[in-house]
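Going line by line, the protein sequences match chains P and B.
Counting from 104, one number per residue, gives the positions in the first sequence under the numbering used here.
Counting from 104, one number per residue, gives the positions in the second sequence under the numbering used here.
Read the hints as simulated data drawn from the structure, not as lab findings.
All values derive from a computational prediction rather than experimental measurement.
One should not assume that every hint holds.
Heads up, the list lumps identical chains together, so a pair's fine if it works in one copy or across two of them.
[To be verified] In silico DSBU-like pairs for lysine-lysine, Cα to Cα no more than 30 Å straight-line: (1) K196 / K272; (2) K353 / K153; (3) K158 / K277; (4) K154 / K196; (5) K162 / K257; (6) K162 / K351; (7) K153 / K351; (8) K282 / K153; (9) K154 / K346; (10) K351 / K196; (11) K353 / K258; (12) K354 / K258; (13) K154 / K272; (14) K196 / K258; (15) K162 / K346; (16) K282 / K158; (17) K196 / K257; (18) K351 / K154; (19) K272 / K153; (20) K277 / K153; (21) K277 / K196.
Below are the chains, spelled out letter by letter.
Protein chains: 2
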Amino acid sequence: MTIIFYDIPSTLPENAWSLNTWKVRYCLNYKGIAYRTEWVEYPDIESHCKKLGIKPTDKRDDGSDEYTLPAIHDPSTGVYLAESILIADYLDKTYPDTPPVLPAHTLGLQVAFVEAFGNSLKGLAGFILPNVCSALNPPSMQYFRRTREAAFGKKLEDLVPQGETAVQKWATFKESLGKADSWYATMDSKLEGELKNTQFLMGDTLSFADINIAGYLIWLRIVWGEDNERWQEMLTWHGGRWKGLMEKLKKYETVV
Amino acid sequence: MTIIFYDIPSTLPENAWSLNTWKVRYCLNYKGIAYRTEWVEYPDIESHCKKLGIKPTDKRDDGSDEYTLPAIHDPSTGVYLAESILIADYLDKTYPDTPPVLPAHTLGLQVAFVEAFGNSLKGLAGFILPNVCSALNPPSMQYFRRTREAAFGKKLEDLVPQGETAVQKWATFKESLGKADSWYATMDSKLEGELKNTQFLMGDTLSFADINIAGYLIWLRIVWGEDNERWQEMLTWHGGRWKGLMEKLKKYETVV
Chain P
104 MTIIFYDIPS TLPENAWSLN TWKVRYCLNY KGIAYRTEWV EYPDIESHCK
154 KLGIKPTDKR DDGSDEYTLP AIHDPSTGVY LAESILIADY LDKTYPDTPP
204 VLPAHTLGLQ VAFVEAFGNS LKGLAGFILP NVCSALNPPS MQYFRRTREA
254 AFGKKLEDLV PQGETAVQKW ATFKESLGKA DSWYATMDSK LEGELKNTQF
304 LMGDTLSFAD INIAGYLIWL RIVWGEDNER WQEMLTWHGG RWKGLMEKLK
354 KYETVV
Chain B
104 MTIIFYDIPS TLPENAWSLN TWKVRYCLNY KGIAYRTEWV EYPDIESHCK
154 KLGIKPTDKR DDGSDEYTLP AIHDPSTGVY LAESILIADY LDKTYPDTPP
204 VLPAHTLGLQ VAFVEAFGNS LKGLAGFILP NVCSALNPPS MQYFRRTREA
254 AFGKKLEDLV PQGETAVQKW ATFKESLGKA DSWYATMDSK LEGELKNTQF
304 LMGDTLSFAD INIAGYLIWL RIVWGEDNER WQEMLTWHGG RWKGLMEKLK
354 KYETVV
């Protein structure tokens, strides 16, 4: 049976843009599991999840439940589930004949990795959130602006760094991505010849850690656009690490 | 042949106290590799490493090389090596018949884990660094005080939180350790019955991630002393997670 994958739409040609939902799409495509996407606008996510019995994934500062996408429904098991790495774990367990994205009992390590990577990214928000907002359909756009401006305490447009601040924030982002590059580099150093610099974080095995990073990268590429000069610059960073990762995952970019 | 393991001595009954050197001792004991410890006081570490050709592990803020322990010398290969996780990787590769601490190509993930865990620990320094200083031999004590007071910009004694600040910092530390507990909990949720809550971050396989955390725990236990009320309180935290981890690693605590 076909899994139903809940994602957030946009006005962009790819429709799909969200970094977190992209992680699940990469997993589904990599595993070759049949699915179709149902598109849910931001203001409808909470009621959608409550109606289907999909649990909240977080608490807001005021203590109320927060509902987020990605989520899936698997008609073959009756399961409704949110949160990208939990969905990945569910897919690994339920479809053991597909390639695992959390191999060798690494779920706990991969959860820690996702947090380490997310926390290590500094300086990026102002460069991308205003573009995300502009790419959404009107109902989601209004919702996104209202919630993000409340969170940051300023207009989205005022988040965009200018002049010397922009130079510094961009350098900080590059440096923080360099930290992730160093995690790959410790694996590079174990490998010889051609494999070197062409592999995944777990060597020659793709895993959720790579997909997690690719989620960020494809988010930037789609929201900024392929020709954006910051994106083009990023492709040259860290010995082409991120360019190479995107090329390796290109075959799992299909939106269905 | 017997590996030589370079560690920093103290006035405490166990002699060994350093969280980072303990990680390597746990690895050596777990693997059952023959070794003996050579004790190097803090002010001698740089000259010791330079003399033996052990590379620096970091840069100081002023750009100069920083040399740290743990380090090892393996007479059977001629290798001299510093940094706990690199030593772990070397031991895994050089002694493939011993149980791996970086199983299933997880070096890159484990490096990220070590950083995530270290960065997630907030509020602890003031509770422990003055005790560390008091536990050292005079040459190391003077060195430790001078370098740490320069780094923090205040007397070690003034780092110790007082009154309400102490309550808050201790709660912050508990909360940050709770983050690591949640990484274990995602694995717990995969397990059934007796295994649940008795396992390691990679399920039933001990790995460097657990040893990394145990390094922090044994550091606190030894430097504070077993009867310290903060230590006794920590043993009750997070469903006994840390008490259980220490019990499972107790057989690898031998100092030789």
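Quick rundown of the hints versus the structure:
1. When the C-alpha separation of K196 and K272 is checked against a cutoff of 30 Å, the pair qualifies neither within a copy, at 41 Å, nor between copies, at 40 Å.
2. In the homo-oligomer, the alpha carbons of K353 and K153 never lie at most 30 Å apart, since the shortest distance is 34 Å inside one protomer and 47 Å across protomers.
3. In this assembly of identical chains, the alpha carbons of K158 and K277 lie at most 30 Å apart only when taken from different copies (27 Å versus 35 Å within one copy).
4. Taking the closest pair of Cα atoms, K154 and K196 come within 30 Å of each other only inside a single copy of the chain (26 Å); across copies the shortest separation is 53 Å, beyond that limit.
5. Taking CA atoms no more than 30 Å apart as the test, K162 paired with K257 passes inside one copy only; the shortest distance there is 22 Å, against 38 Å between copies.
6. For the homomeric pair K162 and K351, neither the shortest alpha-carbon distance inside one copy (35 Å) nor that between copies (34 Å) is at most 30 Å.
7. In this assembly of identical chains, the alpha carbons of K153 and K351 never lie at most 30 Å apart, being 37 Å within a copy and 42 Å across copies at closest.
8. For a Cα distance limit of 30 Å, the shortest separation of K282 from K153 across copies, 27 Å, qualifies, whereas the shortest one inside one copy, 38 Å, does not.
9. For the homomeric pair K154 and K346, neither the shortest alpha-carbon distance inside one copy (41 Å) nor that between copies (42 Å) is at most 30 Å.
10. In this assembly of identical chains, the alpha carbons of K351 and K196 lie at most 30 Å apart whether taken from the same copy (25 Å) or from different copies (28 Å).
11. Within a single copy, K353 and K258 get their C-alpha atoms no closer than 35 Å, and across copies no closer than 55 Å, so neither meets the 30 Å cut-off.
12. For the identical chains of this complex, K354 and K258 are neighbours neither inside a copy (38 Å) nor across copies (57 Å), given an alpha-carbon limit of 30 Å.
13. For the identical chains of this complex, K154 and K272 are neighbours neither inside a copy (41 Å) nor across copies (41 Å), given an alpha-carbon limit of 30 Å.
14. With identical chains, the CA atoms of K196 and K258 are never at most 30 Å apart, being 43 Å at best within one copy and 54 Å at best between copies.
15. Taking the shortest Cα distances, K162 and K346 sit within 30 Å of each other only across copies (29 Å), while inside one copy they are farther apart (35 Å).
16. Taking the closest pair of Cα atoms, K282 and K158 come within 30 Å of each other only across two copies (20 Å); inside a single copy the shortest separation is 33 Å, beyond that limit.
17. In this assembly of identical chains, K196 and K257 lie within 30 Å of each other by CA distance neither inside one copy nor across copies; the values are 43 Å within and 53 Å between.
18. For a Cα distance limit of 30 Å, the shortest separation of K351 from K154 qualifies neither inside one copy, at 38 Å, nor across copies, at 45 Å.
19. In this assembly of identical chains, the alpha carbons of K272 and K153 never lie at most 30 Å apart, being 39 Å within a copy and 37 Å across copies at closest.
20. In this assembly of identical chains, K277 and K153 lie within 30 Å of each other by CA distance neither inside one copy nor across copies; the values are 39 Å within and 33 Å between.
21. Proximity of K277 and K196 under a CA criterion of 30 Å is satisfied in neither setting, with 36 Å inside one chain copy and 33 Å between copies.
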